[in-house]
Amino acid sequence: MKLLTHNMLTSHVKGVIKGFPLIIKATEVKVNEVEFNPEFVSRMIPKLEWNALVQAAEELGQRQDLPGELVPDFEKNEEFLKKVHRVLLEVEVIEGCLKCPESGREFPICKGIPNMLLNEDEV
Amino acid sequence: MMEKAAIQLERDHVHSVYDKIAPYFNDSRYKAWPKVRQFLLDLQPGSIVADIGCGNGKYLHINKEVFKMGCDVCRPLVDFAWSKGHEVQMCDGLHLPYRDSCFDAVLSIAVIHHLSTKERRIRAIKEMARTLRVGGHIMIYVWAMEQKYRKFEKQDIFVPWNPNPHVHAKPRRRAMAQSVSEAIESSEKHRKVRSTSSVADEEDLTCATPQQRTHRLWFFSRSLDSVFDFGSLAISRSSSRDLSTLSSPTGENDGSKANLSGRGRDLIKQVSSFFSPPSVIGSEEDVFDSVTDQHKEQNNPTGNNGSLSLAPECSSLALPDLISLQEEHQEQSGDEREGSLLGGELQGSTQRSEGEVDGSCLRYYHVFKEGELAELIENHVEELHVKHTYFDHSNWCVVAEKVQVWKM
Numbered sequence: 002m003k004l005l006t007h008n009m010l011t012s013h014v015k016g017v018i019k020g021f022p023l024i025i026k027a028t029e030v031k032v033n034e035v036e037f038n039p040e041f042v043s044r045m046i047p048k049l050e051w052n053a054l055v056q057a058a059e060e061l062g063q064r065q066d067l068p069g070e071l072v073p074d075f076e077k078n079e080e081f082l083k084k085v086h087r088v089l090l091e092v093e094v095i096e097g098c099l100k101c102p103e104s105g106r107e108f109p110i111c112k113g114i115p116n117m118l119l120n121e122d123e124v
Numbered sequence: 412m413m414e415k416a417a418i419q420l421e422r423d424h425v426h427s428v429y430d431k432i433a434p435y436f437n438d439s440r441y442k443a444w445p446k447v448r449q450f451l452l453d454l455q456p457g458s459i460v461a462d463i464g465c466g467n468g469k470y471l472h473i474n475k476e477v478f479k480m481g482c483d484v485c486r487p488l489v490d491f492a493w494s495k496g497h498e499v500q501m502c503d504g505l506h507l508p509y510r511d512s513c514f515d516a517v518l519s520i521a522v523i524h525h526l527s528t529k530e531r532r533i534r535a536i537k538e539m540a541r542t543l544r545v546g547g548h549i550m551i552y553v554w555a556m557e558q559k560y561r562k563f564e565k566q567d568i569f570v571p572w573n574p575n576p577h578v579h580a581k582p583r584r585r586a587m588a589q590s591v592s593e594a595i596e597s598s599e600k601h602r603k604v605r606s607t608s609s610v611a612d613e614e615d616l617t618c619a620t621p622q623q624r625t626h627r628l629w630f631f632s633r634s635l636d637s638v639f640d641f642g643s644l645a646i647s648r649s650s651s652r653d654l655s656t657l658s659s660p661t662g663e664n665d666g667s668k669a670n671l672s673g674r675g676r677d678l679i680k681q682v683s684s685f686f687s688p689p690s691v692i693g694s695e696e697d698v699f700d701s702v703t704d705q706h707k708e709q710n711n712p713t714g715n716n717g718s719l720s721l722a723p724e725c726s727s728l729a730l731p732d733l734i735s736l737q738e739e740h741q742e743q744s745g746d747e748r749e750g751s752l753l754g755g756e757l758q759g760s761t762q763r764s765e766g767e768v769d770g771s772c773l774r775y776y777h778v779f780k781e782g783e784l785a786e787l788i789e790n791h792v793e794e795l796h797v798k799h800t801y802f803d804h805s806n807w808c809v810v811a812e813k814v815q816v817w818k819m
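Here the protein sequences line up with chains A and B, keeping their order. All the letters of the first sequence, read from the start, carry residue numbers 2 to 124 under the numbering used here. All the letters of the second sequence, read from the start, carry residue numbers 412 to 819 under the numbering used here.
Simulated from the structure, these hints should not be mistaken for lab results. Among the hints, a few may not be true.
Claimed, not checked - Each pair of labels, with its calculated beta carbon distance range:
#1 A/E103 to B/H799: 35 to 45 Å
#2 A/E34 to B/E793: 43 to 53 Å
#3 A/P109 to B/K529: 32 to 42 Å
#4 B/L452 to A/G16: 32 to 42 Å
#5 A/G105 to B/K415: 38 to 48 Å
#6 A/G62 to B/A443: 37 to 47 Å
#7 A/E107 to B/E786: 14 to 24 Å
#8 A/L67 to B/K529: 40 to 50 Å
#9 A/G69 to B/K415: 43 to 53 Å
#10 B/A443 to A/N120: 25 to 35 Å
Here the structure is a predicted model, which is why all the values come from computation and not from measurement. Yeah, the Cβ is synthetic: ideal placement off N, Cα and C, and Gly gets one too.
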């Protein structure tokens with residue numbers, strides 16, 4: 002699971018109002034090399050919940066010097082875009098779980114795949 | 412309660428079947444539909460797209476300029492998609508784990524026809540619409556009732572899985588006929604639960620040649636939507652017989668909710684028995700109306716719309732699964748051996764030669780009539796506005812745009 006994906010995921014347990022962002026508890030993390038496409042990253046940024054991305058990177062110990070706030074004119078700031086590219090697309094959670102911030106329910110991540118299936122009593 | 416029956420039906424005849432047949436889906440015959448490919452290629456760079464019910468992820472590699480993720484309930488298929496380097500999750504289409512309005516585009520390709528009630532199909536579309544941003548587009552493909560040369564006679568059907576859709580080898584057909592006749596013998600006791608609009612003719616079945624038998628056998632039941640909807644059910648003579656069978660445990664024909672809830676478990680069992688093939692035997696009519704016979708359906712006032720039936724062996728018809736039967740046919744002669752190898756590899760309880768009807772490998776489909784999908788969206792999903800509808804390779808297709816809905 003990449004952090005770009007994580008940024009879209011939310012807990013959908015019945016009754017939960019604020020299931021986003023999911024807290025990451027990782028036991029295995031990988032960092033891959035992914036081709037850098039500055040325009041791609043630049044277009045992604047407005048779609049992100051920025052704080053959730055920073056928090057997630059922090060939880061994985063991969064934040065490095067990613068700023069807590071978006072820098073102005075980030076479209077042209079290649080250095081900044083490279084940092085974002087790294088946390089969004091290169092950092093991957095292979096094993097661990099995603100914890101609902103409200104209910105505490107844990108969704109397992111196995112072999113990089115989050116299992117978001119709910120039990121009968123959770124729907 | 413209908414929900415429980417729906418979930419059970421989908422578990423038995425969608426999820427568990429896909430779990431078993433997942434290895435076959437990576438066959439090159441199951442290609443990406445070109446118009447879906449084009450939809451993805453036309454997206455603005457930097458878009459985020461979700462393929463809901465992505466299967467083995469065959470659409471997830473298209474267009475490197477957009478970020479794609481897929482999800483499915485079938486673990487083996489999701490695992491395969493992951494092995495190809497895609498971002499995938501396990502989840503259920505009725506409860507999507509994505510925040511509101513986060514996607515620029517959503518795909519639902521050959522998925523919602525596996526949902527067994529209209530209400531569930533609407534819910535699935537609404538869930539996908541929820542995750543779509545305003546201005547974003549969703550593309551939905553579902554199997555059409557109206558096929559190129561024929562038409563499914565019923566809308567709610569079971570379709571047997573055939574790992575070799577193009578092979579017409581005789582020995583295989585005979586094997587299938589035999590297993591089906593065995594199945595009939597073992598289901599004698601279920602015969603009274605027949606809920607048909609035509610009556611089975613057993614004599615005809617027993618003296619038919621094996622080949623004829625395979626084309627004649629089909630299994631009826633009622634669509635889940637009509638079982639519980641006593642009020643609006645088009646009552647035909649045979650269906651009123653069904654209703655009395657349904658409510659017979661207490662000897663009452665009163666379909667009031669109080670009675671139903673009291674006998675909930677029995678009712679679910681009875682309803683599920685409608686859907687456990689081969690519990691019912693059908694008539695000698697072919698499941699498909701040929702084009703010239705379509706008027707026959709219009710003249711039948713008792714309405715076949717509520718019934719479930721089994722389509723005859725897949726090798727004899729062009730199923731919407733396969734992109735182009737004509738083109739592929741020339742290439743298939745060499746695949747026969749490959750097919751038997753695949754059959755041998757398939758693990759688990761369905762250790763049979765391919766081509767046999769295995770009751771556990773029947774997939775449930777609700778095939779859509781022309782206009783049905785668009786109508787479903789127009790009448791029940793106000794946040795989506797239908798932009799295009801078309802017919803593509805045996806599928807009805809809709810592209811719709813998410814719109815802002817203002818509520819007072």
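We went through each hint and held it up to the structure:
no. : hint                         : verdict
1   : A/E103 to B/H799: 35 to 45 Å : holds, 40 Å
2   : A/E34 to B/E793: 43 to 53 Å  : holds, 46 Å
3   : A/P109 to B/K529: 32 to 42 Å : holds, 33 Å
4   : B/L452 to A/G16: 32 to 42 Å  : holds, 41 Å
5   : A/G105 to B/K415: 38 to 48 Å : violated, 28 Å
6   : A/G62 to B/A443: 37 to 47 Å  : holds, 39 Å
7   : A/E107 to B/E786: 14 to 24 Å : violated, 41 Å
8   : A/L67 to B/K529: 40 to 50 Å  : holds, 47 Å
9   : A/G69 to B/K415: 43 to 53 Å  : holds, 48 Å
10  : B/A443 to A/N120: 25 to 35 Å : holds, 34 Å
Checked against the numbered hints given earlier, this structure breaks hints 5 and 7; the rest are met.
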